[in-house]
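Trainee: Sequence:
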Amino acid sequence: MVYAHRPIPFYAPPDKRKSLVLSFSLAAFAAASMAGSAAASELWPLTKLRLTVIQWMPMSGSYERWDAFSGEFVMSEEGAIPLPVLGSISAIGKSNDQLASEIATALKGKLGLVNAPETSVEIVAYPPIYVVGAVSTPGAFSYQPGMTVLQAFALGGGIKVEQNGTNADRLRLVAELRSLEDELLRGRARIARLKAEIGDGVEIVFPREVADSLDSDLASAAMQEEQTILTARARELERQAKSLEELVGLLDQEIETLTTRMADIEKGIASAETELAGVESLVAKGWPPYRVSQIWSGA
47 MVYAHRPIPF
57 YAPPDKRKSL
67 VLSFSLAAFA
77 AASMAGSAAA
87 SELWPLTKLR
97 LTVIQWMPMS
107 GSYERWDAFS
117 GEFVMSEEGA
127 IPLPVLGSIS
137 AIGKSNDQLA
147 SEIATALKGK
157 LGLVNAPETS
167 VEIVAYPPIY
177 VVGAVSTPGA
187 FSYQPGMTVL
197 QAFALGGGIK
207 VEQNGTNADR
217 LRLVAELRSL
227 EDELLRGRAR
237 IARLKAEIGD
247 GVEIVFPREV
257 ADSLDSDLAS
267 AAMQEEQTIL
277 TARARELERQ
287 AKSLEELVGL
297 LDQEIETLTT
307 RMADIEKGIA
317 SAETELAGVE
327 SLVAKGWPPY
337 RVSQIWSGA
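The numbering of the sequence shown is the numbering used here, which starts it at 47 and goes up by one.
Just so you know, these hints were derived from the structure itself, not from any lab.
Cβ atoms here follow ideal geometry from the backbone N, Cα and C, with glycine treated the same way.
Please note that the accuracy of each hint is not assured.
Using C-beta positions, here's what the derived DEER-type ranges look like [claimed, not checked]:
| hint | residue 1 | residue 2 | range |
| --- | --- | --- | --- |
| 1 | 281 | 229 | 25 to 33 Å |
| 2 | 297 | 236 | 32 to 40 Å |
| 3 | 130 | 191 | 25 to 33 Å |
| 4 | 236 | 300 | 38 to 46 Å |
| 5 | 275 | 255 | 17 to 25 Å |
Capping the alpha-carbon separation at 25 Å, the derived lysine to aspartate or glutamate pairs in DMTMM-like fashion look like this [said to hold, decoys possible]:
| hint | residue 1 | residue 2 |
| --- | --- | --- |
| 6 | 241 | 284 |
| 7 | 94 | 168 |
| 8 | 241 | 227 |
| 9 | 94 | 123 |
| 10 | 156 | 110 |
| 11 | 156 | 113 |
| 12 | 94 | 148 |
| 13 | 331 | 321 |
| 14 | 156 | 143 |
| 15 | 154 | 143 |
| 16 | 156 | 124 |
Given only the sequences and the hints, what does the whole structure look like? Please build it.
Mentor: And the structure:
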């Protein structure tokens, strides 16, 4: 900030606003006014002036300087000039010519003159400006008419470049913080997707920390990615369920086939047992084995 009788806004980079302070004397108020609505000839407190008072002397045909009233004066903080005989005269907000005219009129009235003396006011020097804070060369500098706040800041060498690695550390910490924020946002989006999967949902309800994130691009990419994963996993589960249904159908058909084969085998066993019982009955009746064999073979 620039400080004078009233605050004058100074725009510094966001990462430097807290560490950068420009403190100006009252002359800085004139500097700001040069770029604003105030005229360049206006006088301001603590300005050093040179007052010259002369009068035309008809007898000698020359001008005579009034040394008692002439000289250099410094305006007070209230903007007044202490003058001999006349006392304090306010000069704040007045131009050189206006102040000179006022002094001449006051001298005419005070001394009872017929004509006012010739009076001139010159600016010898403005008060210095002070540039302090995170600048390369802080200190006091001479103010020049028409100087802007940016030019005054340049006198201090601009923002100080740190050589101890602090900037690099800040950049590293900022990068790490950004990476952690990205991971946190993606983690929240992933949790929302897992909740949707548990509830067999087809749409993910993202929390406000994700949906209303300041980094809209990252949030949009994370939500789209998680929604794509949810849709892909749902399709994969559907495909697996369909495959399982088809496998169950094949196994049911195989079981049915095996059941039919078992029934046929059981019928064959029953038929064989019946024939065996008949052979045993013939043998028990005394039939010779070769005859039984012929009968069994159909000979």
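Trainee: Report the numbers of all earlier hints that the structure fails to satisfy, in ascending order.
Mentor: Hint check: nothing fails, all pass.
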